[in-house]
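**Student:** Order-wise, the sequence lines are chains A and B.
Sequential numbering from 1270 applies to the first sequence in this note's numbering.
Sequential numbering from -7 applies to the second sequence in this note's numbering.
Bear in mind the hints are in silico, worked out from the structure with no lab data behind them.
Predicted, not measured: the structure shown is a model, and the values here were computed from it.
Some hints could be false.
[As the list claims (entries may be wrong)] For the chain B half of the interface with chain A, some residues (derived, Cβ under 10 Å), not all of them:
#, residue
1, 309
2, 794
3, 798
[To be verified] Simulated crosslink set (DSS-like; lysine-lysine; CA at most 27 Å straight-line):
#, chain 1, residue 1, chain 2, residue 2
4, B, 731, A, 1298
5, A, 1626, A, 1574
6, A, 1632, A, 1574
7, B, 256, A, 1298
8, A, 1424, B, 256
[Unchecked claim] From the derived model, a few chain A residues whose C-beta atoms are all more than 12 Å from chain B:
#, residue
9, 1362
10, 1418
11, 1650
Backbone N, C-alpha and C define an ideal beta-carbon position, used for all residues, glycine too.
Residues per chain, in single letters:
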Amino acid sequence: MVVLTLILLAIQTPTEADYYAALRVAVPKSVELEVGGMQPLKDGSLLVCTRRGEVWRISNPLEEAPQFSLWAHGLQEPLGLWQQGEWIYSATRGELLRMRDSNGDGRADDFETINDDWDISGNYHEYNFGPRPDAEGNLWVTTNRAFGAETFGHKDWRGWALRLKPGEPMEPMAAGLRSPAGLELSPWGELFYTDNQGEWCGANKLSLVKEGAYYGHPFGIESAHLPASHVTYPGPNPDGILMPEAHTKLPNFQLPAVWFPYDKMGRSASGMAWDTSNGAFGPFAGQLFVGDQYQASVMRVSLQKVAGEWQGACYPFRKGLDAGVIRVRQANDGGLWVGMSDRGWPSLGTQGYGLQKLSWSGKLPFEIQQMRATPSGFTLQFTTAVDLVAMAASPPQLRLSSYTYELHSAYGSDEMETQELVIPEFHFSDDGRYLHCRVDGLREGYVHELHVEGLRSLAGTTLLHDVVYYTLLHIPTNDEGFGIED
Amino acid sequence: MGGSLKSSLFIGSLLGAWALTNTFAVAAPWVAQAAEPEPTILLLEQNLCFQCHRAPAGVEKILRPLAAPNLERIGARVSPWWLEAWLRDPQSMRPGTRMPHMLAGYPANQRVQMAADLAAFLMENSAGQQLQLLEVGPDMLRLGETLFREIGCIACHENAFADRKLAQMTSVAALRDFLLDPVAARPSGLMPNMHLTSEEATQLASWLLRSQRQQGPGNMQLLPGWSWRSCAYDGVATTGPVWETAEFLAAGVTTEVHHDFGAKHDRYGVLFDGVLQVPESGEYNFYVASDDGSTLSVDGEMIVDARFHQAHTRRDVRITLTAGAHPIRISYYEAGGDHSLEAGWAGPNFEERPFAALDVLHEGEAFAPLPNPSALGLGDRVRGAQLFKTLNCGSCHPLSNLEQVGPFPAQPFADLPSEGGCLAARPLQGVPYYQFANSARSHLAVAIANPTEISQEFHTEQRVATSLSAMQCTACHQRDGVGAPSAEQMRRFIGLEDLGEEGRVPPSLTGVEAKLQTPWLNKVVTAGSKVRPYMKTRMPAFDAASGASIAADLIANRAPLSMRPAREFDVEQVKMGQEIAGTQGLVCISCHNLAGHPSPGIPGLDLARMNERLEPQWFQRWLRNPHAMRNNTRMPNFWDEAGQSALTRLGDGRADVQIDALWAFLSLGAAMPLPLGLVTNPDRYALIPLQRPLYFGTFMDGLSARVLTVGFPERVHLAFDQHNVRLAKVWRGEFMNAKGTWDGRAGQLESPAGVEVRDLPAGPSFAILSAGQDWPTVSGKEAGWRMRGHRRDEHGNPTFRYHFGTLEVEETLVPQLAVQGAFFHRKLVLYAPEPIVGLQFQSFNARGETKRVGIDFQQVDGRFRAQIEEELQW
């Protein structure tokens, strides 16, 4: 009898794919779809730009033989698409440009330079990402730092977030970015960006883009001395101080809203998309999905505003995609387009490049819907009710630890000052949807890593993912409730 | 340690008291002798009679004397014991050689010592030159044998000389060097250059000397460099590959440590093994720098462990080592992305350096010349030098450091008796002994008796036949029925089966002087020819002198041909030709490559090479009826007897119109536009504009990091430098290869893939200058010029838009076909709110000269407009 139960449980162990299928777009053999950006069009087709400088228009992408037509080509490493009316905007190496098909023959024929106030040195790593609009409709682009030879001479404004208004000079708004592969406008009108672990960047991170902010990488910080800069020169970086300390010592140093602990949550955070589908993509409406190139995965993030600053948690969501994920973008039907290319960087994906769509099966996964900080600890919200009877008989095991990172010149950072935390008390809400934890020893500026084991839903399933990483910048002074609108 | 080891790598220390001498055999070594009697002039030329005997008047000017082997560096080519044996009796060493027996007239017991003395002298004379040994890799013999059978060696060297005498004579390294440049050692040019790569020459030499290997296991010895092997790696485990079980990729030997041994970009590992040669006891600093992981072990102990997925990172370690040999191993693996590996050391008495060839040794197999037990090996070089003079060896083998006795040491030819001397049936002391056949002896006797008859001019065709036979052309080619290979010989020629005999048997030379243009004919014989990629047999390159004389003989034999007058160049004709060549025409490309692009069917002769090779008259006749000119050719007869083809849509199907159109198309050579239906993606990074212009944005060498290149089907291309806001380069042929921009992390500086690349002058196209002022060389942002973008018209042609303040410029480039290849029609339209006084345009012409042109503005719709058009030729 016991044996039989175990077998049944084993059979019931759900997988990510049971809830979110990854549908593969059949890319013709002649196309190397190294995705750099995606733009769904009203008619259901999808524009995809590639690292090879092409823009493909893909009609009926999920049919057996989708139609690929070359809408534009010859762009220099475009890494983003954004539509405004008949114009498609793209950040390329040397310029933010826009293009359109003025005669309706299916090919872009008019290419306009919107802004090219920055120069590039001819280094492969000088990628530019975007554009994305802010709440006022200005376009933003983030710039990557160079690595190695700068053939045509060192150039300004690398590692910056630039605001580009048509017809006006570029406005360099924020500095100290390293490899800012993702840039996205939140539904409430603020811009966020993702950055990659490396020197001066202890782990992958998600940060609010803020005028005048310094994100810690000094590669391009000398440009802050130039008149156009909106950033005050912060002085030289101290080499080897803890991040919370850097926050207090470096002027305008901006801590991330979310750290993605290295290897636990990918190795190279990339593009992102907010779920604005109101449930068409499952139970995570209003949350953020972030790609990872190394892990060929999509991660999930929930945010919480505390003391005027964004902080939040990241969760595993969907692994096993075809190639390193560069871009995610919500489709018109609520599904999530996943654009991939891992050329030049190792990835657990096996296909090199490709295009997939994550589609919700309609089945509700048993997940930690979100983790929120409270004045006394944390509250977990679940997507579906927990079996309170079973939990009373066999309570779950909660393991909590916290750590931070160091700001230093070496590549990446170990987890520093790690402590195991005690959870002296926890209890479930009556409806089984919430778990309230009291925690001793919360530390502001630290990542709090929580493992939840032995939890069972009413339907008898275990958690699909039993770990969450919460970046606690501030301990709330009062319980602010749930919901993204705050 | 290093010193003694180094010397053991060379045969020098083995030589002992050996002195030196001669080289590869004289004249046509190993060549089957022609059965027919040779013309007397050939006998005289090939036996070098006129090196010792002054030629009779009138003969000199028609002589094509052969040169004997160059003995200056003989020591680098042959072993002393072989040389000694050779001098004792050349004919017994190599039957048929034209080297006379110089010692035959002396008593046998003296001959042995004389040969040893001469050898001692010649070896000594090439001081510093010694046979070098070379390692022979595992596949060398097999590859060498394949080459021998495929590229045409066997056509002249019938018996494939698996010859112990050759194995005594030379080493793999020396034979390799000889094969790479045979004329340097044998100026007669009879052994032509077979276009071997150094690798191929090593393979051939290894196979020819394969009997050196059968000497036994003693060939294993320490040789320079590392042995390496690479294997596949999953790219995940940070400890790197599991070397014992990983999938094997490749192995070999290298003197340099670097990353590129995996035959792939990502997910591989390489192990380097060797024995470190530590010159003296003391402290040594080692470094290894890699992306991704690496380790370094000395004496089995891992002293650097950098098994990380990392960017290029260097690690150093200092250890104390005793003088002598220490096993050393470097492991390296690459997961993905960038890759690099560097390693080296510094010691008590040397600065840091990457590991050099003799720092690390490994055990390998080297071939060495077989010994000759009968060699005396005790020659006297002083006596040898005297003998060299006495025997007049220098008449045929001049040595730069040896005084000549005189230009003609023997009696003038005209004064010779018609018997005795060189013609004597028995050898005489001090006289070369030729062992002439009786027929040859009587021919020569007649020539001596009537020297004026020698100088009678050949009939041109006779001269051609003689030249072709003398240079062994007829071993592969037939001409007018002479030299037709036997069925057995025919089977030796290897090529593409689909093309039948045309695909493998070297072409007939009957009427070749009417077919090929003079410059091409010269090029074929002096540089070889590689226009038939499907044929394995190689057309060799003859030395300049013999090549030129073969070509001259052929050209002298050329009869004038009548032809239709050539038509004026006309774009419509080119386009018609392009259509005829493609899939909607007569589909020439189904059997012909074109401008380096493979045919979708059979890789026949490249159509882009026709124009530089063929006489137009011959082309007309050939196309009109190929079968009449070459029986059994695969080339179809496209036009019927009335001169009508099935392709009536173009030129009414008329042969003269269509053939002329094809010739007009072919006349563009490599600049021809590509017809429909070619295979155009042999290289996944080659960018080939076929139907419409192709745009490619990239970093470009010498320009900037923001260059938009545009390639056109007309096979002219341009680069617009968007950073410097100017048209910067134009070129022809191939467009671009995107590997540096699309492969791996890329970011390389690209350059045009084509030919005739012209740089336009730096600086903006427009300026306001006072008299005598130089044109500015700075453009772009720095000078106030900014991009607006570009437009592409319905055909895809670009209009670049840029401005200087309120002056707006639109620059349009459209390719135009022309007889020397296409050029660009360039149109610049300017708009300004006011006319700009003194504004000038810098024009660029075919000779790369610039010219300044004034600009007139006209008022149009409330603003001012000016327009400039020019033909951008180069």
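**Student:** Work down the list of hints and note, for each, if the structure agrees.
**Tutor:** Evaluation of the provided hints:
no.	hint	result
1	309	20 Å, violated
2	794	9 Å, holds
3	798	14 Å, violated
4	731/B x 1298/A	18 Å, holds
5	1626/A x 1574/A	31 Å, violated
6	1632/A x 1574/A	30 Å, violated
7	256/B x 1298/A	21 Å, holds
8	1424/A x 256/B	34 Å, violated
9	1362	7 Å, violated
10	1418	9 Å, violated
11	1650	35 Å, holds
Violated hints, listed in ascending order, are 1, 3, 5, 6, 8, 9 and 10; each of the other numbered hints is respected by the structure.
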